[in-house]
Amino acid sequence: MARRYDSSTTTFSPEGRLHQVEYAIEAINNAGTCVGILASDGIVMASERRITSGLLAPAKTSEKTYQLCGHASCNVAGLTADANILIDQARLRAGRYAYQYQEPIPIEQLVEYVCNYKQFYTQRGGLRPFGVAFLFAGYDEQYGFQLYQSDPSGNYSGWKATVIGANNQAGKSLLKTEYKTGEEKIPNIQEALMLAVKVLNKTMDGTTAAAAAEKMELYTMTRNETGECVHHILNQEEASKVIDAVEAEAASAGDS
Amino acid sequence: MARRYDSSTTTFSPEGRLHQVEYAIEAINNAGTCVGILASDGIVMASERRITSGLLAPAKTSEKTYQLCGHASCNVAGLTADANILIDQARLRAGRYAYQYQEPIPIEQLVEYVCNYKQFYTQRGGLRPFGVAFLFAGYDEQYGFQLYQSDPSGNYSGWKATVIGANNQAGKSLLKTEYKTGEEKIPNIQEALMLAVKVLNKTMDGTTAAAAAEKMELYTMTRNETGECVHHILNQEEASKVIDAVEAEAASAGDS
Amino acid sequence: MARRYDSSTTTFSPEGRLHQVEYAIEAINNAGTCVGILASDGIVMASERRITSGLLAPAKTSEKTYQLCGHASCNVAGLTADANILIDQARLRAGRYAYQYQEPIPIEQLVEYVCNYKQFYTQRGGLRPFGVAFLFAGYDEQYGFQLYQSDPSGNYSGWKATVIGANNQAGKSLLKTEYKTGEEKIPNIQEALMLAVKVLNKTMDGTTAAAAAEKMELYTMTRNETGECVHHILNQEEASKVIDAVEAEAASAGDS
Amino acid sequence: MARRYDSSTTTFSPEGRLHQVEYAIEAINNAGTCVGILASDGIVMASERRITSGLLAPAKTSEKTYQLCGHASCNVAGLTADANILIDQARLRAGRYAYQYQEPIPIEQLVEYVCNYKQFYTQRGGLRPFGVAFLFAGYDEQYGFQLYQSDPSGNYSGWKATVIGANNQAGKSLLKTEYKTGEEKIPNIQEALMLAVKVLNKTMDGTTAAAAAEKMELYTMTRNETGECVHHILNQEEASKVIDAVEAEAASAGDS
Amino acid sequence: MARRYDSSTTTFSPEGRLHQVEYAIEAINNAGTCVGILASDGIVMASERRITSGLLAPAKTSEKTYQLCGHASCNVAGLTADANILIDQARLRAGRYAYQYQEPIPIEQLVEYVCNYKQFYTQRGGLRPFGVAFLFAGYDEQYGFQLYQSDPSGNYSGWKATVIGANNQAGKSLLKTEYKTGEEKIPNIQEALMLAVKVLNKTMDGTTAAAAAEKMELYTMTRNETGECVHHILNQEEASKVIDAVEAEAASAGDS
Amino acid sequence: MARRYDSSTTTFSPEGRLHQVEYAIEAINNAGTCVGILASDGIVMASERRITSGLLAPAKTSEKTYQLCGHASCNVAGLTADANILIDQARLRAGRYAYQYQEPIPIEQLVEYVCNYKQFYTQRGGLRPFGVAFLFAGYDEQYGFQLYQSDPSGNYSGWKATVIGANNQAGKSLLKTEYKTGEEKIPNIQEALMLAVKVLNKTMDGTTAAAAAEKMELYTMTRNETGECVHHILNQEEASKVIDAVEAEAASAGDS
Amino acid sequence: MARRYDSSTTTFSPEGRLHQVEYAIEAINNAGTCVGILASDGIVMASERRITSGLLAPAKTSEKTYQLCGHASCNVAGLTADANILIDQARLRAGRYAYQYQEPIPIEQLVEYVCNYKQFYTQRGGLRPFGVAFLFAGYDEQYGFQLYQSDPSGNYSGWKATVIGANNQAGKSLLKTEYKTGEEKIPNIQEALMLAVKVLNKTMDGTTAAAAAEKMELYTMTRNETGECVHHILNQEEASKVIDAVEAEAASAGDS
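Protein chains in written order, with UniProt numbering: chain B, 1 to 256; chain P, 1 to 256; chain A, 1 to 256; chain Z, 1 to 256; chain S, 1 to 256; chain F, 1 to 256; chain U, 1 to 256.
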């Protein structure tokens with residue numbers, strides 16, 4: 001009987017829960033894992049590529065990582081078709097802000113805009129929540145590099161390192177032990193990449209190192225000497241190098 | 001069978017109750033506690049931070065306390081995503097009022113605006129109530145410092161000291177015994193802060209003093225010598241000092 | 001099975017009843033009692049304050065009595081959040097009338113406007129009736145002081161003395177015996193106040209005289225020598241005096 | 001199972017019936033009775049006042065009889081709040097017609113306008129029928145005095161004498177035997193008033209003559225020497241005189 | 001289980017039927033019978049008056065026959081309130097056509113307009129079909145006198161003689177045997193009237209000849225010497241003459 | 001249980017079917033058969049007249065065949081009232097195209113327009129599919145004579161010869177054996193007419209030759225010497241001649 | 001019980017699935033197979049023609065392959081009527097882009113536009129998803145020849161070779177083994193055609209070689225010497241030649 005509260009997006013259950021939103025979150029918990037890590041000199045986002053086939057065309061645009069504007073990108077977990085709608089909104093918002101104020105949109109403002117858009121779909125009849133969670137990576141003058149996570153309810157929060165998608169609990173607990181939160185020990189990009197790979201190795205159990213480079217999408221956002229943001233998705237070779245380094249480390253750790 | 005009245009926001013049950021609104025209130029009763037106390041020289045709001053993790057980014061904007069305009073702030077209990085929508089409305093309203101009349105909006109008018117907005121969502125089909133309760137703290141020329149509380153139904157009321165969120169009944173009864181309502185004995189900011197911490201200590205059972213500073217967000221609103229409102233969220237150090245003072249007092253009370 | 005007619009505001013039951021409206025009325029029968037009495041020189045409205053706490057802020061605006069325009073006020077029983085919406089409508093209507101015709105709106109016209117607004121919500125899908133009843137007190141040139149009562153269905157009627165809210169039947173029967181309807185014996189404001197207190201004493205059983213002054217809100221509307229309406233909510237002291245006088249009378253009646 | 005056709009206003013039952021309309025009619029069959037009688041020199045409408053209390057304010061406007069324009073009035077049986085909406089529409093229509101064509105609106109045109117308005121609410125989803133029946137009394141140049149009856153479906157018909165509301169069948173059968181339909185014997189206003197009282201006496205069983213004057217609202221519409229319509233609601237004294245005359249007649253009939 | 005397809009106007013049953021339309025047709029099969037007959041020099045429409053009472057006002061406009069424009073009329077079977085809406089639409093359409101093209105609207109175009117209007121109500125949610133069938137009688141330059149029949153689905157067809165309403169099958173089969181379809185034997189108005197009365201006699205079983213004149217509404221549409229259409233509803237005397245003639249014929253037939 | 005997918009036009013069943021569309025098609029399978037055959041010098045469409053009665057007026061416009069514009073016609077199987085709406089749309093579209101581009105609309109473009117219109121009604125809530133199938137016959141410069149068939153889903157396809165409505169399977173299989181698809185043997189109009197009659201004879205089992213001419217509507221579309229399309233519905237005499245020829249042929253075939 | 005989540009397009013099931021979208025995909029899995037293969041010098045798309053009849057008119061436009069603009073085409077699996085709507089949108093979008101920017105629309109942008117359009121129908125009440133999947137083939141300056149696949153959810157992905165429709169799994173696994181993904185071995189158009197035929201042979205089991213040419217629609221997109229895209233659907237003769245070549249190869253393979 002209690003199930004009847006599930007069927008409509010606009011009603012609370014007697015316990016004060018919004019089942020539709022929880023089910024949408026469920027959809028994301030089955031999606032490919034995404035890891036985001038704030039480094040001392042940039043941001044790393046790493047994500048699991050679920051569908052891999054030799055017949056897939058070499059990706060023109062990434063399937064998991066989308067640049068939103070010059071200074072912000074996002075990783076997607078969940079329904080790609082839903083994500084496209086929100087990404088279009090984010091790009092439009094960023095572009096309009098830049099045009100109107102002649103300066104890049106602050107990252108949190110961009111994130112909140114997307115999240116308010118999501119919230120709308122959780123409160124009205126005849127709509128379903130967006131079945132997608134994001135990691136937002138961005139840089140602005142005031143707060144430097146920032147990493148946000150949002151879910152289908154429209155909630156968002158800022159993190160130094162976090163995981164969304166399948167097995168995110170396992171990933172998070174690894175991060176808790178491995179990520180040094182003290183200001184002085186913050187990892188650099190290279191260390192962050194290795195940490196991200198470790199997390200993915202844990203959440204994507206049963207993948208051999210060989211397959212891993214193909215199944216992982218590693219992204220870094222840094223700033224070049226002129227202060228511009230550099231968005232980079234590691235190619236196979238670069239990715240393999242990171243993955244091998246992680247393996248080597250694990251092996252030597254096993255040795256010792 | 002009686003449960004069928006629950007499923008739609010727009011209908012009364014035979015007992016004249018609006019179940020959807022009650023369920024939304026239920027959602028809030030599980031949310032982090034917020035305490036508001038009117039002091040002789042300002043207002044104190046203290047709230048429980050539920051999600052604490054070393055991986056969380058240092059908050060750029062607080063998660064529980066939001067400034068609405070130069071002379072008003074609010075504390076949030078419930079769904080953050082819902083709260084964002086209402087906070088945006090409140091800010092817009094305050095800004096428009098200031099622009100139109102060239103003076104700050106009276107606090108109660110601002111509160112009523114937000115509450116009417118909430119009421120709308122309790123009377124129409126295809127909508128659900130906002131799952132969020134607020135403490136509003138503000139100052140205006142006519143009534144000085146004011147503290148309001150509102151719930152998902154759109155009801156609001158002015159208080160000298162109140163509690164919303166989890167265990168608010170326990171918190172309220174503590175306030176009743178500890179808060180001196182006689183005009184002459186009204187607490188100053190410092191006493192109010194300590195009282196607020198005592199209330200949170202009671203509602204957040206099982207937290208050690210060490211963890212407390214991290215789990216409590218303490219906010220004060222005072223006026224400086226030029227008469228401007230000063231919004232201040234205590235940092236870790238300041239918060240610890242208050243919490244330690246409370247502990248010390250309790251210890252000495254235990255001694256005697 | 002018969003219950004299914006209840007679930008929608010827009011349908012009649014086979015007996016020709018509108019259940020949603022009846023349930024909304026039920027909501028009001030649980031609300032704090034309001035008494036209205038037409039006096040020879042004004043109108044008295046007295047209402048029960050349900051929520052009383054030392055922690056409540058001294059009311060800036062009354063919780064039960066709302067001035068609608070210079071010559072009309074109302075008392076509210078039921079959902080305050082719903083009432084606010086209707087009160088805003090009434091104020092707007094009164095103001096617009098005054099602006100358009102340069103004279104105060106006739107009381108019944110104001111009452112009918114609010115009631116038609118209520119009726120709208122009883123006849124359309126996707127809406128629920130307003131869960132609020134009113135006592136309207138007003139004065140106009142043509143009919144002098146007038147007292148109206150309205151319910152969630154949009155019905156209204158003019159009364160010399162009436163009661164809404166909890167135990168209104170008991171209150172009404174007391175009024176029937178105590179209120180002198182003959183033109184010559186109509187009570188003056190002071191007598192009406194005492195009668196109103198007597199009614200509340202009956203409907204709010206179990207309150208001691210000491211608590212009563214705090215739990216009762218007594219309001220009078222009179223005209224001053226220049227013919228302007230004077231709205232007055234009795235303060236604690238004034239209220240206590242009336243309540244004491246009622247008690248004294250009862251005691252002396254017991255004596256005799 | 002058959003009951004499911006009842007729940008929506010917009011569907012026919014397999015027998016081709018519209019249950020919602022029938023239920024609305026049921027609502028009217030429980031309402032206070034109204035009698036309308038065409039006299040040789042005017043129209044009489046008499047109605048039962050259900051709610052009588054010494055505490056009711058002396059009616060400023062009648063509760064049962066409403067003037068629509070200079071040459072038309074109506075009696076109401078059913079939900080007063082619903083009736084107000086339709087009466088407003090009728091007044092607006094009459095006023096606009098007079099303004100546009102500079103002559104009074106023909107009575108049937110006015111009646112049909114109200115009835116089409118009612119019909120709209122019987123054919124669309126999200127609406128319920130108006131729970132109100134009318135007697136319309138009016139005069140126009142072409143057809144003289146006219147009496148119409150309408151029901152919630154939007155049907156209307158012209159009558160020489162008819163009854164709506166509670167016990168209307170009993171009232172109608174009395175009219176059939178007592179009302180002389182032959183052109184030469186048509187009753188004058190005074191005879192029609194007495195006949196109307198007789199009908200109400202029958203439908204309102206158990207009321208003593210003393211109470212009757214208070215419980216009956218007697219209305220006459222006649223034309224003065226300048227040809228203007230005169231709307232008159234009999235006061236207590238006038239009403240009592242009619243009621244006494246009826247009683248006397250009955251007594252003398254009992255004698256003989 | 002199959003019944004669930006009935007409850008919505010917008011769905012087909014698995015057998016490809018539209019139940020709501022069929023139920024609306026059912027409503028008409030219980031309504032008063034209407035007969036239409038094409039004569040050599042005009043059209044006859046005869047209909048059963050269901051509600052007859054000495055208290056009914058002498059009809060100002062007929063209850064069953066409505067003139068749509070100078071050259072078209074219709075007979076109504078079903079819900080009068082629904083019919084009024086469609087008749088207004090037809091009159092408006094005819095008037096606009098005449099205004100726009102300065103010539104009378106062709107009859108079939110007028111009929112199709114009304115029928116498309118009806119069809120709209122059979123295909124959309126939140127609407128019910130019109131519960132009314134029509135006989136349309138009209139004359140235009142191109143096709144002369146024409147007789148159409150339409151039902152709630154929006155279907156229409158042209159006939160030389162037809163019956164709608166209660167017992168229409170019995171009426172139709174009588175028409176089949178009695179109406180001479182050969183061009184040379186087509187009945188004139190007088191013969192058509194007698195045939196129409198015969199049909200009504202059959203469908204309205206159990207009415208005595210005396211009552212018949214009151215219960216039948218006989219209408220003829222002919223053209224005068226200037227070519228204008230003449231709409232005529234037979235008065236009691238004229239009707240009785242026709243009915244007597246039918247009776248006489250039947251008697252003499254019985255004799256022979 | 002599976003039946004619940006039937007009740008709404010906008011949902012797929014678990015097997016990926018749209019039941020409402022299938023039920024609408026069912027409605028058509030019970031409708032009168034229509035045959036369309038592409039001839040070397042034109043198009044033949046033949047259809048069954050279901051309702052035949054001597055009392056029917058001689059059809060001013062055909063009941064089964066509708067001319068859409070100078071160069072296109074259609075045959076209708078299913079709900080005539082639904083068909084009228086679509087035919088109006090088709091005529092409007094053809095007329096607007098001709099006005100805008102000053103040349104006749106290509107046939108397939110006209111057909112697609114109607115079919116997209118139909119599709120709209122299969123994908124949205126609160127609508128039901130059109131319960132009608134069409135045969136479209138047309139001629140344009142580019143493709144010459146063309147024959148299309150469409151169903152309630154909005155699907156359409158071009159054919160050399162096809163059948164819709166009752167027993168269309170039987171009709172199609174006859175066509176398959178009798179219609180010579182080789183370019184050189186394509187039938188001329190006369191042969192196509194005879195073939196169409198043969199198909200109808202098969203699908204309308206149990207009709208005698210005498211009745212057939214009345215029950216069949218035979219239509220030909222050809223071009224005259226000036227290249228204009230000639231739309232012709234065979235009269236009784238012409239139809240009988242074709243039917244007799246078919247019978248004669250069958251008899252001689254039986255002989256041999 | 002779990003089935004109730006199926007009935008509305010706008011709700012997630014507790015497992016986070018959108019059943020309506022899955023059912024729409026089911027519809028496509030029963031549709032005719034389409035194969036798309038990227039060749040070194042163009043793209044091949046091959047599809048199964050389900051309905052084949054000698055009576056079908058020679059297709060003026062293909063039933064499975066639609067040109068969208070000068071440089072893009074698509075193959076359709078699923079409901080043709082739904083596909084038409086989306087194809088119209090795609091053509092409009094391509095045309096508008098070309099007009100606005102004076103250059104052909106990039107292929108992925110065109111694909112995403114169609115897919116966002118599809119997504120809209122999966123998130124709103126009162127709509128059903130489009131029951132159609134596409135293969136898009138296109139060429140643009142930046143990425144050369146591209147092949148995309150999209151499904152009813154609005155998801156799309158780029159492929160070197162893929163299969164949609166019935167038995168797509170079987171087809172895909174054949175492609176995996178036969179399609180050489182190494183850059184140097186990419187098939188040319190002729191090899192791709194043969195591979196496509198092989199895949200169709202597998203998915204359309206039970207068709208003889210003779211029937212195959214009629215049942216397969218083979219399409220190639222290449223560029224001519226001036227760089228323009230050439231869209232070509234192989235005629236029967238050309239198709240047979242390819243099919244025979246495949247057979248010959250299979251035979252010789254069987255030999256060896």
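It is possible that part of the hints are untrue.
List of simulated lysine-lysine pairs, PhoX-like, C-alpha gap at most 25 Å [said to hold, decoys possible]:
{"hint": "1", "chain 1": "F", "residue 1": "202", "chain 2": "F", "residue 2": "180"}
{"hint": "2", "chain 1": "U", "residue 1": "215", "chain 2": "F", "residue 2": "176"}
{"hint": "3", "chain 1": "P", "residue 1": "215", "chain 2": "B", "residue 2": "176"}
{"hint": "4", "chain 1": "Z", "residue 1": "198", "chain 2": "A", "residue 2": "176"}
{"hint": "5", "chain 1": "B", "residue 1": "172", "chain 2": "P", "residue 2": "185"}
{"hint": "6", "chain 1": "P", "residue 1": "215", "chain 2": "B", "residue 2": "180"}
{"hint": "7", "chain 1": "B", "residue 1": "198", "chain 2": "B", "residue 2": "185"}
{"hint": "8", "chain 1": "F", "residue 1": "215", "chain 2": "S", "residue 2": "176"}
{"hint": "9", "chain 1": "F", "residue 1": "185", "chain 2": "F", "residue 2": "215"}
{"hint": "10", "chain 1": "P", "residue 1": "241", "chain 2": "P", "residue 2": "185"}
{"hint": "11", "chain 1": "A", "residue 1": "241", "chain 2": "A", "residue 2": "180"}
{"hint": "12", "chain 1": "B", "residue 1": "198", "chain 2": "B", "residue 2": "180"}
{"hint": "13", "chain 1": "P", "residue 1": "172", "chain 2": "P", "residue 2": "185"}
{"hint": "14", "chain 1": "S", "residue 1": "215", "chain 2": "Z", "residue 2": "172"}
{"hint": "15", "chain 1": "A", "residue 1": "215", "chain 2": "P", "residue 2": "185"}
{"hint": "16", "chain 1": "F", "residue 1": "215", "chain 2": "S", "residue 2": "180"}
{"hint": "17", "chain 1": "B", "residue 1": "215", "chain 2": "U", "residue 2": "176"}
{"hint": "18", "chain 1": "Z", "residue 1": "172", "chain 2": "A", "residue 2": "180"}
{"hint": "19", "chain 1": "P", "residue 1": "215", "chain 2": "B", "residue 2": "185"}
{"hint": "20", "chain 1": "U", "residue 1": "215", "chain 2": "U", "residue 2": "241"}
{"hint": "21", "chain 1": "P", "residue 1": "180", "chain 2": "A", "residue 2": "215"}
{"hint": "22", "chain 1": "S", "residue 1": "172", "chain 2": "F", "residue 2": "215"}
{"hint": "23", "chain 1": "U", "residue 1": "241", "chain 2": "B", "residue 2": "215"}
{"hint": "24", "chain 1": "U", "residue 1": "176", "chain 2": "F", "residue 2": "180"}
{"hint": "25", "chain 1": "S", "residue 1": "215", "chain 2": "Z", "residue 2": "176"}
None of these hints come from the bench; they were simulated from the model.
No experiment lies behind these values; they were computed from the predicted model shown.
Tested hints:
1. 202(F) / 180(F): holds (19 Å)
2. 215(U) / 176(F): holds (18 Å)
3. 215(P) / 176(B): Holds, because 18 Å separates the two Cα atoms, which is no more than 25 Å.
4. 198(Z) / 176(A): Violated, because 31 Å separates the two Cα atoms, which is more than 25 Å.
5. 172(B) / 185(P): violated (49 Å)
6. 215(P) / 180(B): holds (20 Å)
7. 198(B) / 185(B): Between residue 198(B) and residue 185(B) the Cα gap is close to 18 Å, so the pair holds against 25 Å.
8. 215(F) / 176(S): OK: residue 215(F) and residue 176(S) at ~18 Å, within 25 Å.
9. 185(F) / 215(F): violated (30 Å)
10. 241(P) / 185(P): Holds, at roughly 23 Å.
11. 241(A) / 180(A): holds (23 Å)
12. 198(B) / 180(B): holds (15 Å)
13. 172(P) / 185(P): Cα-Cα ~19 Å, so holds.
14. 215(S) / 172(Z): holds (20 Å)
15. 215(A) / 185(P): Since the Cα atoms of residue 215(A) and residue 185(P) sit roughly 24 Å apart, the hinted pair holds (cutoff 25 Å).
16. 215(F) / 180(S): holds (21 Å)
17. 215(B) / 176(U): holds (18 Å)
18. 172(Z) / 180(A): At roughly 40 Å apart (the allowed maximum being 25 Å), residue 180(A) and residue 172(Z) break the hint.
19. 215(P) / 185(B): holds (24 Å)
20. 215(U) / 241(U): holds (14 Å)
21. 180(P) / 215(A): holds (20 Å)
22. 172(S) / 215(F): Roughly 20 Å separates the two Cα atoms, so the pair holds.
23. 241(U) / 215(B): Roughly 41 Å between the alpha carbons, so the hint for residue 241(U) and residue 215(B) is violated.
24. 176(U) / 180(F): violated (45 Å)
25. 215(S) / 176(Z): At roughly 18 Å apart (the allowed maximum being 25 Å), residue 176(Z) and residue 215(S) satisfy the hint.
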